[in-house]
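Protein chains: 2
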Amino acid sequence: MSLRVSAILERKGVAVVTIPRDAVLLAAAEALSRHSIGALVVSDDGRAVQGIVSERDVVRAFARFGTAAVKRGVADVMSTDVVTCERETTIDELMAVMSQRRIRHVPVLSDGGLAGIVSIGDIVKLRLDELEVENETLEQYVSGRS
Amino acid sequence: MSLRVSAILERKGVAVVTIPRDAVLLAAAEALSRHSIGALVVSDDGRAVQGIVSERDVVRAFARFGTAAVKRGVADVMSTDVVTCERETTIDELMAVMSQRRIRHVPVLSDGGLAGIVSIGDIVKLRLDELEVENETLEQYVSGRS
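Taken in order, these protein sequences are the chains called A and B.
So the first sequence is residues 1 to 146, counted in this note's numbering.
So the second sequence is residues 1 to 146, counted in this note's numbering.
Think of the hints as simulated: they come from the structure by calculation, not from any bench.
Note that this is a predicted model, so its numbers are computed, not measured.
Don't take each hint at face value.
Copies of the same chain are indistinguishable here, so a pair counts whether it falls within one copy or spans any two.
Said to hold, decoys possible - With a straight-line cut-off of 25 Å between C-alpha atoms, the simulated SDA-like cross-links for lysine to any residue are:
#1 Lys12 / Asn135
#2 Lys12 / Arg60
#3 Lys12 / Lys71
#4 Lys125 / Glu139
#5 Lys12 / Arg127
#6 Lys12 / Gln140
#7 Lys71 / Val24
#8 Lys12 / Val97
#9 Lys125 / Asp45
#10 Lys125 / Thr90
#11 Lys71 / Asp44
#12 Lys125 / Ser2
#13 Lys125 / Thr89
Generate coordinates for the entire structure from the input sequences, incorporating the hints supplied.
Below you can see the structure in the form of structure tokens.
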């Protein structure tokens, strides 16, 4: 039995921090810092996913453009080839795609609109909870036999 | 049976990208970008861990100082309260500490010196490999019974 993305959204909620395409990179850095998150979904209406801008994108722009980075537009540095998932996607599939594509954040879509976001940290947290359940089940099994 | 940090180091190797304490933040951003990694160990001699500087630290400095961030020193923004592990640390323990502390990179120490670094991505990759082994074992078990 493999858990699904919906199990993560039930715990963390479906809120997603978005930023419009025409924002400057400094605003993106401020939003990432303020919310202590690793990526923002780029969306003008909060529903359509136009791109994703991660801490890594900001660091790359900073390395490349130096002081001029503050005024670069989000649209210049965001990834537009966004990997998304659905509520029904299994965690195993999600782990595989994150590992292969070396990404840490995957927006969740429902009816074509933004319905959450899952991070690699959320997956590790879920896996830890699973481990606790496994240990409890094992204890019950062992005590049932003895 | 829980895997240990040594299992990850056997796959990825023990190389760690370090940066000296007196480097400027722009140099840190360049090193993070060039190596496509999420954190640098701050170390003057490549052995003693004096701090860690992550993509998140760079983004925070960028948000806080704007253009002046390029000239800030690594020592000003690094975390000095570094969580480390050993080769014998179990992956389950490591996942728990990463999740609790909300960190993605943990340097590995051996005899007090730097002996590798483990990221949250490395753990997910290992977990995927484990899943494949579990599935194979399950298949053998099922075919053995039929």
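Hint-by-hint comparison with the structure:
no.	hint	verdict
1	Lys12 / Asn135	within (23 Å within a copy, 29 Å between copies)
2	Lys12 / Arg60	between (29 Å within a copy, 23 Å between copies)
3	Lys12 / Lys71	neither (33 Å within a copy, 37 Å between copies)
4	Lys125 / Glu139	within (21 Å within a copy, 28 Å between copies)
5	Lys12 / Arg127	both (14 Å within a copy, 22 Å between copies)
6	Lys12 / Gln140	neither (29 Å within a copy, 37 Å between copies)
7	Lys71 / Val24	both (6 Å within a copy, 21 Å between copies)
8	Lys12 / Val97	both (21 Å within a copy, 19 Å between copies)
9	Lys125 / Asp45	neither (30 Å within a copy, 35 Å between copies)
10	Lys125 / Thr90	both (15 Å within a copy, 16 Å between copies)
11	Lys71 / Asp44	within (19 Å within a copy, 33 Å between copies)
12	Lys125 / Ser2	both (15 Å within a copy, 17 Å between copies)
13	Lys125 / Thr89	both (17 Å within a copy, 18 Å between copies)
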